[in-house]
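Number of protein chains: 2
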Amino acid sequence: MPDYKLHCFAESGNAYKAALMLELTGQPWQAVFVDFFNGQTRDQQWRDEVNEQGEVPVLEHGEQRLTQSALILEYLAERTGQFGPQDEAEKREIWRWMLFDNHKFTAYYAALRFIFCLKNSGETPVVQFLRERATAAYRIVDAHLAKTPFMVGGRLTIADLSLAGYVFMPEDTGIDLAEFKHIEAWKARIMAVPGWRHPYELMPRVAG
Amino acid sequence: MPDYKLHCFAESGNAYKAALMLELTGQPWQAVFVDFFNGQTRDQQWRDEVNEQGEVPVLEHGEQRLTQSALILEYLAERTGQFGPQDEAEKREIWRWMLFDNHKFTAYYAALRFIFCLKNSGETPVVQFLRERATAAYRIVDAHLAKTPFMVGGRLTIADLSLAGYVFMPEDTGIDLAEFKHIEAWKARIMAVPGWRHPYELMPRVAG
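Chains Z and W are the protein sequences, given in the same order.
Per full-length UniProt numbering, the very first residue in the first sequence carries number 1; after that it's consecutive.
Per full-length UniProt numbering, the very first residue in the second sequence carries number 1; after that it's consecutive.
Just so you know, these hints were derived from the structure itself, not from any lab.
Accuracy of the hints is not assured; some may be wrong.
Repeated chains share a single entry, so a pair holds when one copy, or any two copies, can fit it.
What the hints assert, rightly or not - Computed cross-link-like contacts, SDA-like style, restricted to lysine to any residue with a CA-CA straight-line distance of at most 25 Å:
hint, residue 1, residue 2
1, K119, A136
2, K147, Q44
3, K119, T135
4, K91, T80
5, K91, E171
6, K181, R155
7, K147, R42
8, K5, V206
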């Protein structure tokens, strides 16, 4: 029996944050497929029974049920002793970037990718708005990574795993990623970590 | 000399989260006006010296400089012993809602208000997109507040102060707030807390 069950699907970068953490820390875990594209997370029964916030990932660990990727990352860092902060100052710095990620970096990029790439909206005012906002967030992270190899403390932490949720997704959102050379170098550093795997290799996809 | 300096402006609901917490916990604090509407947070020098993430609020406390409203709320709860969690389970529940707030509830509503009400965009596809997303987040919080008077633990906590960042702003975003009667009742409960003040009374406004 795996210790952890992760409610997820491969296209979710928010679920990938948790899946990659489980993988890199060597936890036995099992994916529970969520049929997001057919509305499972909008289903009232799923919300009542699994997550009232209507989102993946959800992590089950014994009697614990955790939601919100940043909280799941912190929970796993505390329990495994890996990729967490070394002191209170680092802890705040990690949370500062996980919050920025949830508010802007992942948030705008994921919405852009969903609408433009997965729903094939074509070029619309909403796409342009989301691309502008995502690009502004990318610039802030790129400027930070110009000064440091990883986001906090000079080593891989859960701050990196949070921000990296969607950056390996293959879809072309129309953002010129070559402009963000520090982010590109950071992505290569993360991919070089032993045990790294792509989201589409870690979690079940909608269409087999 | 006040103990705390808060970089803020009255129209920022994210700054209001911190300002109201300082006020309700009775901390001596001073507002440092940030000229957001004239681009101060986009200025490279401001970013280098105050916040590389280009956002308010920023809280100064002695040598400490904190950003991200959720972290500021937690910091003040720990130091004042007020409005924080009573145990680990409550702490996670509070963070779960603060993250949902940063990702969706405040995020979409604040963007909608900024574009539609403060920039007077008129009715556009972007406004409609943001209104839909904000409404979906409001529904989730309203359903939660149907079961409990405050978000976590049956009493006012920093989870409420986070989610309440923009709900007292007077501008009409085109969302029918009467639809969210549990949110309206919760707002009335927050306003009844001794010492409650409106954001426009707590922080300096752009146009005096």
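Hint by hint, here is what the structure shows:
1. K119 - A136: both (23 Å within a copy, 19 Å between copies)
2. K147 - Q44: between (46 Å within a copy, 15 Å between copies)
3. K119 - T135: both (20 Å within a copy, 21 Å between copies)
4. K91 - T80: both (16 Å within a copy, 20 Å between copies)
5. K91 - E171: neither (32 Å within a copy, 37 Å between copies)
6. K181 - R155: within (19 Å within a copy, 47 Å between copies)
7. K147 - R42: between (41 Å within a copy, 19 Å between copies)
8. K5 - V206: Only inside one copy: K5 and V206 sit 18 Å apart there, 50 Å across copies, limit 25 Å.
In summary, the one numbered hint that this structure violates is 5.
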